[in-house]
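A.B. asks: Here the protein sequences line up with chains U and R, keeping their order.
For reference, each letter of the first sequence is one residue, going 1 to 115 in our numbering.
For reference, each letter of the second sequence is one residue, going 1 to 117 in our numbering.
Accuracy of the hints is not assured; some may be wrong.
As the list claims (entries may be wrong) - Here are the simulated SDA-like cross-link-like pairs (lysine to any residue), alpha carbons at most 20 Å apart as the crow flies:
#1 U/K36 <-> R/R113
#2 U/K102 <-> R/S54
#3 R/K41 <-> U/S7
#4 U/K102 <-> R/V62
#5 U/K102 <-> R/N51
#6 R/K66 <-> R/P8
#7 R/K20 <-> U/E41
Said to hold, decoys possible - Computed spacing ranges between beta-carbons, pair by pair:
#8 R/L26 <-> U/R60: 25 to 31 Å
#9 R/H7 <-> U/S10: 29 to 35 Å
#10 R/T115 <-> U/R60: 32 to 38 Å
#11 U/I13 <-> R/T80: 40 to 46 Å
#12 R/Q60 <-> U/R60: 36 to 42 Å
#13 R/T17 <-> U/P115: 43 to 49 Å
#14 R/T82 <-> U/G16: 48 to 54 Å
Read the hints as simulated data drawn from the structure, not as lab findings.
Positions of the beta carbon are idealized from the N, C-alpha and C atoms, including for glycine.
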Amino acid sequence: GQQLNQSPQSMFIQEGEDVSMNCTSSSIFNTWLWYKQDPGEGPVLLIALYKAGELTSNGRLTAQFGITRKDSFLNISASIPSDVGIYFCAGQPTRYGGATNKLIFGTGTLLAVQP
Amino acid sequence: GAVVSQHPSRVICKSGTSVKIECRSLDFQATTMFWYRQFPKQSLMLMATSNEGSKATYEQGVEKDKFLINHASLTLSTLTVTSAHPEDSSFYICSARPPGGDTGELFFGEGSRLTVL
Chain U
1 GQQLNQSPQS MFIQEGEDVS MNCTSSSIFN TWLWYKQDPG EGPVLLIALY KAGELTSNGR
61 LTAQFGITRK DSFLNISASI PSDVGIYFCA GQPTRYGGAT NKLIFGTGTL LAVQP
Chain R
1 GAVVSQHPSR VICKSGTSVK IECRSLDFQA TTMFWYRQFP KQSLMLMATS NEGSKATYEQ
61 GVEKDKFLIN HASLTLSTLT VTSAHPEDSS FYICSARPPG GDTGELFFGE GSRLTVL
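The following block holds chain U by itself, in its conformation from the complex (with noise of 0.2 Å):
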């Protein structure tokens, strides 16, 4: 099935340092939903962008849907212990929710982080 280049795969960071990640794709979504999943749990939504452009925060988290519409970038600030756990980028063809509007994730990117 088709999926969202991610980057990076992994990172190992120390307690405060800020992160940023990002999702490409060939072809254009009108909208990015970043989720966050811990182990032997289902993904949980952190933030949502409909606009080309917007950029939208959410605690330590930003994320920005890029102009092209092809990418998107999460950023966190400050991380945690807490933040640990596997992030993914989703793209959704259109704005709108239906059966035929799927979600595509992205490869995903495990952030650790070491106290």
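Let chain U serve as the given structure and place chain R on it in line with the hints.
C.D. replies: Only chain R this time, still in chain U's reference frame:
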């Protein structure tokens, strides 16, 4: 956010048996639910789209006779892995989208880990 719940969270079965996994939307009605499969250290791959009152739509390469999907009500979709084999061992995750509005947000269940011996 909306709540989606799966059951069971873990299941171990013998090769050749069938296993049913339930996905429920607890605080909203979902005419459409999505079933994903995730292998260790990999991303989520969409298997099929479950449609209330009609047949599911399967992604290319997913055997519909192997993975039976039933969406009998607006709050329940089930995935049955028939004649399971060890290669079917995986993490199965369902998701649903609250109706209406302009949100494309998809909410996920906790996942069900299937181990076939």
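A.B. asks: For every hint, state whether the structure bears it out.
C.D. replies: Hints, one by one, checked against the model:
no. : hint                         : verdict
1   : U/K36 <-> R/R113             : holds (18 Å)
2   : U/K102 <-> R/S54             : holds (18 Å)
3   : R/K41 <-> U/S7               : holds (15 Å)
4   : U/K102 <-> R/V62             : holds (16 Å)
5   : U/K102 <-> R/N51             : holds (13 Å)
6   : R/K66 <-> R/P8               : holds (19 Å)
7   : R/K20 <-> U/E41              : holds (19 Å)
8   : R/L26 <-> U/R60: 25 to 31 Å  : holds (29 Å)
9   : R/H7 <-> U/S10: 29 to 35 Å   : holds (32 Å)
10  : R/T115 <-> U/R60: 32 to 38 Å : holds (36 Å)
11  : U/I13 <-> R/T80: 40 to 46 Å  : holds (42 Å)
12  : R/Q60 <-> U/R60: 36 to 42 Å  : holds (39 Å)
13  : R/T17 <-> U/P115: 43 to 49 Å : holds (44 Å)
14  : R/T82 <-> U/G16: 48 to 54 Å  : holds (50 Å)
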